[in-house]
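Colleague: For reference, the chains in residue letters:
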Amino acid sequence: MAAAVSELLAFASLGFRHITDPRGADHILFLLALAAIYRFRDWRECVWVITAFTAGHSITLALAVTGMLDLPEPLVEFLIPVTIVATAIENLIVRERTVAFWGRRYRPVFAGVFGLVHGAGFANYLRSLFVDRIAVPLFGFNIGLEVGQLVVIAAAFAAFAALDRMIGQAMSVTRGAVGDRIVRIRALAVSAIVLSVATRWAVERLPW
Amino acid sequence: MVSETLVALGLLIGGLGEPTCTLTMHPLHTTLTEVSVDAGAAIEIRMRAFIDDFSAAVAGRRDASPPHSAPDGSVERYLSTRLMLTGPGGRAVTLRVTSVRHEGDVVWVTLRAAGVRTLAGVRLTNRVLFERYDDQVNIVQTRDGPRRRTLLFTSRDGATPKPLV
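Protein chains in written order, with the working numbering: chain A, 22 to 229; chain B, 550 to 714.
If you are wondering where the hints come from, they were derived from the structure by calculation, not from laboratory data. Quick reminder that beta carbons are idealized off the backbone N, C-alpha and C, glycines included. Among the clues, some could well be false.
Unchecked claim - Here are some chain B residues the structure puts well away from chain A; computed CB gaps all over 10 Å:
1. Ser-629
2. Gly-636
3. Arg-650
4. Ala-663
5. Thr-699
6. Ala-708
To be verified - One side of the interface only, derived from the structure: several residues of chain B facing chain A at Cβ under 10 Å:
7. Thr-579
8. His-651
9. Val-665
10. Arg-681
11. Asp-683
12. Asp-684
13. Val-686
14. Ile-688
15. Arg-692
16. Arg-697
17. Arg-698
18. Leu-700
19. Thr-703
20. Gly-707
Whole structure, please, built from the sequences with the hints as guidance.
Modeller: Written as structure tokens, this is what we have:
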């Protein structure tokens with residue numbers, strides 16, 4: 022029992038480090054792109070999208086680590102920035118979400134699908150970490166990823182709130198009033214930066 | 550609408566044109582080490598590392614060729630300052646490299662320390678590759694009979710000897 026706890030904690034720590042490490046920012050940028058359009062009062066919708074991402078990456082992580090799915094690493098490393106580019110572009114072009122295709126419900130769907138790609142990327146990392154025992158490391162790593170995602174999203178919302186205030190002051194909007202236009206400008210700014218970085222990664226990692 | 554589009558366009562072009570972008574995709578800077586006591590009353594350590602990183606560390610330069618499969622002393626010299634065991638009372642335990650095996654993009658190095666019957670009281674320091682990467686994480690899994698333990702060594706605490714059981 023103590024051995025399993027020790028292993029669980031060690032791999033949870035690795036999962037947490039992996040997703041929160043600012044030096045390897047691919048997953049952080051994807052989470053930022055997912056969260057960029059929301060204001061704090063929309064946190065339930067944001068959590069729903071992040072949960073779909075989690076479900077997606079958990080599926081491929083388990084399949085890839087157990088050897089049931091074997092995707093070429095160069096392809097996965099290329100597709101990860103492509104998912105970030107696609108999410109950022111969606112943020113930029115969809116202006117009125119309430120009348121967007123399928124309401125707002127398509128976002129969790131594509132977050133889940135893109136999560137499948139990121140899960141394959143996590144697996145490439147995790148496969149290098151253990152030899153024979155899989156279940157406990159996999160479970161621990163997933164717990165660490167989830168906790169790390171929550172920390173990243175919490176930090177993102179705090180940063181967005183500060184950014185909203187700055188934009189509001191620049192636009193001379195009453196303090197505390199965060200209008201749709203401010204959130205839209207923030208989403209555009211965050212998405213444009215994320216898009217520029219992820220586009221460069223995608224070009225650098227073209228597998229052909 | 551126009552101002553919003555200009556903000557996005559400006560940030561996008563600025564980001565694409567930024568030549569010193571420091572954000573990177575996720576690197577893989579890890580080693581895995583298994584420590585056990587075998588029937589011959591010796592500690593056996595099996596360490597797995599990515600071959601390109603390990604070769605460069607052993608040679609002390611980038612783009613080095615992989616270490617020979619037959620131990621030639623260079624691996625043992627490198628590991629003698631990076632992977633260290635101390636027995637009860639803090640006495641140093643000598644580790645000898647017994648094999649170096651290549652497997653795809655990883656290298657397996659096996660070391661033995663004779664005359665040790667248990668991991669109780671034994672401590673390990675694992676600073677392998679810390680000189681190359683700030684974010685290096687070395688995972689150590691120990692087994693002594695029914696007792697198992699998993700340890701992490703990072704650049705912050707890798708120099709601290711940790712008990713193996």
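Colleague: Hint by hint, say whether it matches the structure.
Modeller: Going down the list of hints, with the structure as the test:
Against chain A, the non-interface label of B:Ser-629 holds: every CB pair exceeds 10 Å, the least being about 25 Å. Remark: the non-interface label on B:Gly-636 is consistent with the geometry, its nearest Cβ contact in chain A lying 22 Å away (cut-off 10 Å). With a cut of 10 Å on Cβ distances, B:Arg-650 stays outside the contact zone with chain A, its closest approach being about 13 Å. Against the 10 Å criterion, B:Ala-663 stays outside the reach of chain A, whose nearest CB is about 24 Å from its own CB.
Look at B:Thr-699: its CB is around 4 Å from the nearest CB on chain A, not clear of 10 Å, so calling it non-interface is violated. No Cβ of chain A comes within 10 Å of the Cβ of B:Ala-708; the nearest lies about 19 Å off, and the non-interface call holds. A least Cβ separation of about 6 Å between B:Thr-579 and chain A falls short of the 10 Å threshold, and the interface hint therefore holds. With its C-beta approaching chain A no nearer than about 15 Å, B:His-651 sits outside the 10 Å limit, and its interface hint is violated.
Interface hint at B:Val-665: violated, since its Cβ lies 20 Å from the closest Cβ of chain A, which is beyond the 10 Å cut-off. Taken as an interface hint, B:Arg-681 does not check out: its beta carbon lies about 14 Å from the nearest beta carbon of chain A, beyond 10 Å. Satisfaction of the interface hint for B:Asp-683 is found here, the shortest Cβ-Cβ separation to chain A being roughly 8 Å, below the 10 Å cut-off. The closest approach between the C-beta of B:Asp-684 and any C-beta of chain A is roughly 6 Å, which is under the 10 Å cut-off, so the hint is satisfied.
Proximity of B:Val-686 to chain A holds as hinted, the smallest CB-CB distance being about 7 Å (cut-off 10 Å). The criterion of a C-beta within 10 Å of any C-beta in chain A is met by B:Ile-688, whose closest approach is roughly 6 Å, and the hint holds. The criterion of a C-beta within 10 Å of any C-beta in chain A is met by B:Arg-692, whose closest approach is roughly 9 Å, and the hint holds. Of the supplied interface hints, the one on B:Arg-697 holds, with its beta-carbon coming within about 4 Å of a beta-carbon of chain A, less than 10 Å.
Against a cut-off of 10 Å between C-beta atoms, the interface hint on B:Arg-698 holds, since the closest Cβ of chain A lies about 5 Å away. With 10 Å as the threshold, the beta carbon of B:Leu-700 comes within range of chain A, its nearest partner Cβ sitting at about 7 Å, so the hint holds. Contact between B:Thr-703 and chain A, as hinted, is supported at the beta carbon level, the nearest pair being about 8 Å apart and thus within 10 Å. Checking B:Gly-707 against chain A: minimum C-beta separation of about 14 Å lies over 10 Å; hint violated.
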